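When you get a sec, could you build the whole thing from the sequences and use the hints?
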Amino acid sequence: MHVLAQVPFLAQVATKEEVLQHQYEFLSYGLTAAWVILAVYVLMMIGRERKLKREIASLRAMLEEKHGE
Amino acid sequence: MREKILYALGAAAIAILVWNINTIARLPEETQQGVTFKIIFFHVPMWACAVTAACAALLSSVGFLSTRNFKFDAAAVAVTEVGLAFTSVGLVTGSIWGREIWGIWWTWDARLTSALVCWLLYAGYLMLRKAIEEPTQRATFSAVFSIFAFLDVPIVVFSIKWWRTQHPQPVFWAGGSFPPDWTRHLMWNMVAMLMLGIVMTAVRFRQEEAQREIDFLRRMAHAI
Chain A
1 MHVLAQVPFL AQVATKEEVL QHQYEFLSYG LTAAWVILAV YVLMMIGRER KLKREIASLR
61 AMLEEKHGE
Chain B
1 MREKILYALG AAAIAILVWN INTIARLPEE TQQGVTFKII FFHVPMWACA VTAACAALLS
61 SVGFLSTRNF KFDAAAVAVT EVGLAFTSVG LVTGSIWGRE IWGIWWTWDA RLTSALVCWL
121 LYAGYLMLRK AIEEPTQRAT FSAVFSIFAF LDVPIVVFSI KWWRTQHPQP VFWAGGSFPP
181 DWTRHLMWNM VAMLMLGIVM TAVRFRQEEA QREIDFLRRM AHAI
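Line by line, the protein sequences give chains A and B.
Just so you know, our numbering puts 63 at position 63 of the first sequence, and the rest follows in order with no gaps.
Just so you know, our numbering puts 214 at position 214 of the second sequence, and the rest follows in order with no gaps.
Hints are supplied without guarantee of correctness; some may be wrong.
Cross-link-like lysine-lysine pairs, in silico, DSS-like; alpha carbons within 25 angstroms at most [what the hints assert, rightly or not]:
(1) K53/A / K4/B
(2) K51/A / K71/B
(3) K130/B / K53/A
(4) K130/B / K51/A
(5) K130/B / K71/B
Calculated directly from the structure, the hints in this document are not laboratory data.
Fair warning: this is a prediction, and the values are worked out from it, not measured in the lab.
The following block contains the structure:
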């Protein structure tokens, strides 16, 4: 280990590349969180749409059946 | 036809976002915050959409109370739910940005606290709707609650002007500086998010109408 890196303050000084990598890491967290939340919401909406369509179809079928009797 | 317009709008929004993200990635680093600052291109448009949704929810709720037309109620719930999704993204991206720049995930300053209260109020609105069975009562109570919830929105927007906060002062309407080409990309993202918001609201509105049709069919089935 270099003698300067043993000094606590200097050991904490990150290189430019490390800082940049850290910043990119947080930028990616932010973007991922944004798209994941929106994607989960869209998927929930798609699921609800299917459920509603199924429910309408079954109710209509039931009503037609009752009218037929 | 209406469905085709919605799909076209959604596809256009995604195309704008893909093109814009590609351009934003090539923008230079900000001098103080480096690349982390680029979260602004998503954080601000999300909040702009959330505030727009809150305004639309207010108008729809007032519309329902003055006309008793259930289309306004459906519009209010649709726009509130989509707005809540945008608010969630705004809170999470802000928290991640804060962790990198301030060194903390959260602080109880006026802006962040009022924004969290706003999220809780609109989440409460959606929970209230689930708790009331009778449609007219549900729509009336929800409309009144939505108008009450909107009182928090100006506090969220102007809190950074009214009080000293950890959150920075407004960049765009208080003399802050932002390069013109960056502003253009931010505006493009804002347009694309708004388009996505419109598509999601329209889909959610249609679902609410379908739910009313289900309620009607159920009543018919019971009556026969």
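Hints versus structure:
Note on K53/A and K4/B: the hinted pairing holds, with a Cα-Cα distance of about 19 angstroms set against a maximum of 25 angstroms. As the CA atoms of K51/A and K71/B are separated by approximately 21 angstroms, the hinted pair is consistent with the 25 angstroms bound. Of the pairs offered as hints, the one joining K130/B and K53/A holds, with about 20 angstroms between alpha carbons and a cut-off of 25 angstroms not exceeded. For the given pair, K130/B sits about 17 angstroms from K51/A by alpha-carbon distance, which is consistent with the 25 angstroms threshold.
Only pairs whose Cα atoms come within 25 angstroms are accepted, and K130/B paired with K71/B is accepted, the gap being roughly 18 angstroms.
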